[in-house]
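Engineer: Here are the chains, one letter per residue:
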Amino acid sequence: MSRAEAVRRASPLWTLGLFRSELLTTFRRWRTLALLGVLAAVPVLVGIAVRIETGDGSSAGGGGGGGPAFISQITNNGLFLVFTALAATLPFFLPMAVGVVAGDALAGEANAGTLRYLLVAPAGRTRLLFTKYAAVLVFCLVATLVVAVSALATGALLFPLGDLTTISGTRIGFSEGLVRALLIALVVAASLVGVAALGLFVSTLTSSGIAAMATTVGLLITVQIVGQIPQLHAVHPYLFSHYWLSFADLMREPVHWDDLTKNLGLQALYAAVFGSAAWARFTSKDITA
Amino acid sequence: MGEASVREPDGAGAEPGVRAGDGAVIATRALTKRYRGGQLAVDGLHLTVPEGSVFGFLGPNGSGKTTTIRMLMGLIEPTSGTAHVLGRPMPRSARAVLPHVGALIEGPALYGFLSGRDNLLRYDSADPTADPRTRRVRVAAALDRVGLTAAAGKKAKAYSLGMKQRLGLAAALLQPRRLLVLDEPTNGLDPQGMREIRTLVRALASDGITVFLSSHLLDEIEQVCTHAAVMAQGRLITQGPVADLAAGARGRLAVTTPDPADAARVLKEQGVADVVVAGDRVTGEAPERDLAEVNAALVTAGVRVRGFGVERASLEDAFVALTGEGFDVAG
Ligand SMILES: Nc1ncnc2c1ncn2[C@@H]1O[C@H](COP(=O)(O)OP(=O)(O)OP(=O)(O)O)[C@@H](O)[C@H]1O
Ligand SMILES: [Mg+2]
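Top to bottom, those sequences are chains A and B. Residues in the first sequence are numbered consecutively from 4, following the numbering used here. Residues in the second sequence are numbered consecutively from -15, following the numbering used here.
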């Protein structure tokens, strides 16, 4: 009997195999690719719309009135399409995509029955949960970068590139602008950490992938509606979406860190609360599916 | 659970501390599971699976076989009682025990959008004690062992039920195991496939692997198992070596003769109970005394005997004798 044991001398690094496999599995799902496709299409549509609307030389958004942030600047500098696209997708498209992936993370496996085989492999419940959360966070980053890169490519194709003016009125060089764009993309990705934790928690509650996805997206919509009702302003600072648009402060000179750090702190709080709840639930749950 | 071996650190995947205990690979004590709905699925189960056995776990639909297996594999928490697998308590020692256990629970479950090979790669990478350097080789060997090499590149959603079942078995065979837990492994297989599985189980058993096999097919258990346990309505009715179980229901004496009426009379005189005449066959419960004397009595009485012998009781006879009922689902 010692034969089987002699073969096993596990390396701590092997535990990362599950994370790698999780990423491969997530990004090979048709659903994930469809979500990323939709996200990539948004900047293209915005870019084309702005281009058509400003074909006569006037600036978009009626000189800075409506529309997402920065939209009036796109015609001067394609780089602004990155900021516009992130501002347009952050309230709904991005968190919805994250909610779908996070909601399905465990519930989908339970639904398909593959969860029990992962657990007897044995993946370990805590390890599996962390791996799932890490993979969802990677999806947050990839989804944001897909929007940003698609916007940058569209912006470069349809509009001139060059130096840009910050919200504070100062001018920065194009390469500095690119760095800011990357920073903004990272902050936007980090803004999704809370939704991701919420989705993962919902995912531990049910063994129906569809129900978990629908619940998470439903919660997202509810939070966004609550955020629009002035009478409920007392709860607004606790909504995960409250500081989302603070990423625009990265386009000030100097940068206003106040709301940015509040946003990151709130996301960390959501991750801690719902991450713990998900852990408590998942490690004690009967897996019968 | 007051056992000395319990205090092993959890999560030490590949330690040599997993021991076979006192020869029992699986040992449960008063294991009980009541589902949240209130259903008492397993009721005070005392099960002992000896090392090296092929253990048949029999019972009608809904008798609690899968529930027991779920508890053994740490998927669900027992309501009360304890379960030890490879000498260690479950579900607490799951991470140390399960790398040595291959399992097929309630049929296979696969990622339909992945190929058969990629499914196995995924399951293997879920095991932190599985060496990634040998992963592809081990996956190929497992596929080969269940005869799926040719279909390995096909998407799993395009697999037939039998192919899925084989792939599930392959997942259980990715590593050298000490225990295989197979919940109805021949479900959905064609007769050829069933035979292959039986051959595979025998081959694994001869390698020294303990096989715990649930089934409701009695002849299947009888053909491959050395030991068996019978469940009904969540309770264990009996367990032991298959030969003993079958012997529990004594075999029947069968006489083939052109003079059945005379034969029946003589057999009754000789103390054979429950004599039944069917055409030229007369059967009855084999008596305690020497059968040679019974045969001599028949011949002395002028009964012409074509055939004389004891038909071994089947496990099915044993089951019916034990449960006093057929093989029906309890309400
Ligand atoms: N998840 C569950 N929740 C509530 N009750 C359950 C659950 N799973 C099984 N049961 C009940 O527990 C009992 C035992 O079921 P189990 O699946 O263990 O039977 P089984 O012996 O495996 O049957 P089969 O031969 O049909 O696979 C049944 O009465 C069943 O209705
Ligand atoms: Mg079952």
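FYI, nobody ran anything at the bench for these hints, they're computed from the structure. For clarity, every value in this text was computed on a predicted model and none was experimentally measured. Watch out, some of these pointers could steer you wrong.
To be verified - Negatives, chain A to chain B, calculated, CB over 10 angstroms: (1) R23; (2) G116; (3) A124; (4) D166.
What the hints assert, rightly or not - Not the full set, but computed from the structure, chain B residues with beta-carbon under 8 angstroms of chain A: (5) Y95; (6) P112; (7) F292.
Unchecked claim - Covered by chain A, per the in silico footprint, the following chain B stretches (three or more residues, Cβ under 8 angstroms): (8) 78 to 87; (9) 123 to 135.
Glycine included, each C-beta is placed from N, C-alpha and C at the ideal position.
Engineer: Where does the structure disagree with the numbered hints, that is, which hint numbers, in rising order?
Structural biologist: 1, 2, 3, 7 and 9
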